[in-house]
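> Can you build the whole structure from these sequences, using the hints too?
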Amino acid sequence: MLKITNLHANVAGKEILKGLNLEMQGGEIHAIMGPNGAGKSTLGNVLAGREGYEVTQGEVIFNGKNLLELEPEERACEGVFLAFQYPVEIPGVNNTYFLRAALNAQRKYRGEEELDSVGFLRLVREKLKVLHIGDELLHRAVNEGFSGGEKKRNEIFQMAVLEPMLAILDETDSGLDIDALKTVAEGVNRLRSPDRAMIVITHYQRLLDFIVPDKVHVLADGRLVATGGAELALKLEEQGYAWLEDGGIGTLDETGATQAGTP
Amino acid sequence: MNDFSAQLATELQPASGTGPDWLNALRQAAAEQFRSHGLPTRKDEAWKYTGLGVLTQNEIRLSVPADTIIAPAASPAVARPVVAVEQQVTLLNGRILNRSENLPSGVALLALDEALDTEVDGLQALLESLPSAKKKTLSSTGFSALNTATLENGVVIRVASGVDGGRVLLSWSTSVEKAACLFNSRVCLILEPGAKLELLEQFETPRDNKNTSNIVVQAALGEGAALRHVRLQQESETTGLITRTEVSQQAGSDYRYYGFDFGGGLVRHDLHCMLLGSAAKASLNGAYLLDGNRHVDNHARVDHMAPDGFSEQYFRGVAGGSGKAVFNTAVYVHPGADGTEAKQSNANILLSKRAEIDTKPELEIYADEVVASHGATVGQLDEQAVFYLRSRGLNQEQARQILTTAFCRSVSDRLADPQLAEAISERMMDVMPQLD
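If you read the sequences in order, they're chains G and E. Mapping of the first sequence onto my numbering: residues 96 to 358, in sequence order. Mapping of the second sequence onto my numbering: residues 16 to 451, in sequence order.
Worth flagging that the hints you see were computed from the coordinates, not collected in a lab. Fair warning: this is a prediction, and the values are worked out from it, not measured in the lab. Errors might be hidden in some of the hints.
[What the hints assert, rightly or not] Calculated from the model, a selection of chain E residues having no Cβ within reach of chain G, i.e. all distances over 10 angstroms:
no., residue
1, Q28
2, T56
3, E74
4, A99
5, R114
6, A294
7, D323
8, A387
9, Y403
10, Q411
11, D445
[Said to hold, decoys possible] Which stretches of chain G does chain E cover? Using the computed rule of at least three CB atoms under 8 angstroms from a CB of chain E, they are:
no., stretch
12, 137 to 151
13, 155 to 169
14, 260 to 270
Glycine included, each C-beta is placed from N, C-alpha and C at the ideal position.
And the structure:
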């Protein structure tokens, strides 16, 4: 579904991603962990097409398409969804109105019939039920005055309605207390599906207690330097990232982990 | 005085002969004032950003009475009301063309000359109260002097004590004549204590109209009276519209203004509230949306003269194309107006490199225990918000439309009248400038 090859990207003239490779199949959840400044959020923003993130080398093939050639809205319509680390407040734009406009833009792109307000509301109610969240978010302006937890929940709610094929959760756990974290993680788990791949970007392991990934990658200095199973995350929690400077994955006492690039 | 003003001064013949002596004295004094001061120029601080080029290019002539007599059949199609109204007055070239008759009891709606004949209570005092050029701070005085000197057309509405006058629509337009004309008109609103009124004004002119209208609205709000004043203005790029709204407010009165300006060749509105009695409220709200070569200049000013008053100014502007907006908001808290609360907020979005917005907030406080805040910003569309919307599948154009509409809707929503807010919001979406 997704194949990232030798991805290099600059932000403000500085190289942040330095040859990143990643391959994912539908239904998989991959966690990307790493120290601050490693390029985790850059990866999410590059995939979503944010301005100011300049790809200098490499390619990203998503369902057979060259993702990097598409505008941000085309990527969304092709099924890419970025759950923002800092969801943007948009005063005066009703959350329901916004989401319906977005869904209909995507449906139109795919040649599907647009939903009227009745049909949309039915869909929304269904998704709220699946996520076990109330409808109070619907009547408010997009993210305006939302608490940290509400903002992240709203991202997950949007994801539920837009049903992306590839969801990138950019530090969805940041700034959340444990209860809010659980709520958000439960939402994500309910949206796991064989046709949906997810990239979970996080600094801390604790989110992965609730969203158990198929694979864990360590991103350091713009490259994936280690890949392992869910247990790699626990090891990282225990031992931190100091081993990166101490000579690589070999120094990490972890049998499941392998140096990136080796099978 | 420049050549243009001098030419108008020679044309100016005060509308003498009709009406009482005091009125003729008023007209004569105003004519004298105009002959000595003329129209404002860019040298006047309040007209620094707005020139009178449209008037001179159109070779505007002062309308003479003969020009203004139009057979109703020859009149242009009147603008469709933005919402359904029961009481409507259609004015063409500053004169009443027709008006509805079904007025609630306690409400008098008269042509200015009728009102003068019947000596409507309070009318003389109101007409004589229009501040003159002797007060330097007032900016539209050249036009006001012209308006007073030619005073004979207009509308007078008087609402009796405690009566709710409902909603009255004034629909303004002008007809295309051989020469481009300047039409003067006066609206006088007298609200007795506890009276209520909603005045809706619509200004619309078709293309190729080179006229200029010069309209003064004077409102006297008695104790506890409430006036809602909603304006929707859309002139052509060759049309001029000079308006001045003067509101005097007694204790506990409540004036709410909601202006929606889509601009024109030269559009200027001076809006001035005098809070004379204690605990009076003035809420001034507006949105201006400009595209093409449209222009609008709003000057809003509140004078707090008495204690415990409240005023707010909330204006939002969007300019695209080569649109040009000027916004000046001023609050003066005079000695003795203790306990005043005054808020000013103005934010603007530029959608094009050629568009221009000049904004200037002014605040002067000479009283105690005053709470005041002000802010003015000019910026582009919020790039973060644009990306957020695009990342959900909306294209750049849809994102711009959603964001600018929301920005302006924050003004129409303040109407607290969903039906009217929706109707105005639709009009705003029709004229919303594009990204460029």
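> All hints are to be evaluated individually against the structure, with a verdict given for each.
Quick rundown of the hints versus the structure:
no. : hint       : in the structure
1   : Q28        : holds (51 angstroms)
2   : T56        : holds (39 angstroms)
3   : E74        : holds (44 angstroms)
4   : A99        : holds (25 angstroms)
5   : R114       : holds (37 angstroms)
6   : A294       : holds (31 angstroms)
7   : D323       : holds (30 angstroms)
8   : A387       : holds (23 angstroms)
9   : Y403       : violated (4 angstroms)
10  : Q411       : violated (8 angstroms)
11  : D445       : holds (18 angstroms)
12  : 137 to 151 : holds (count 4)
13  : 155 to 169 : holds (count 3)
14  : 260 to 270 : violated (count 0)
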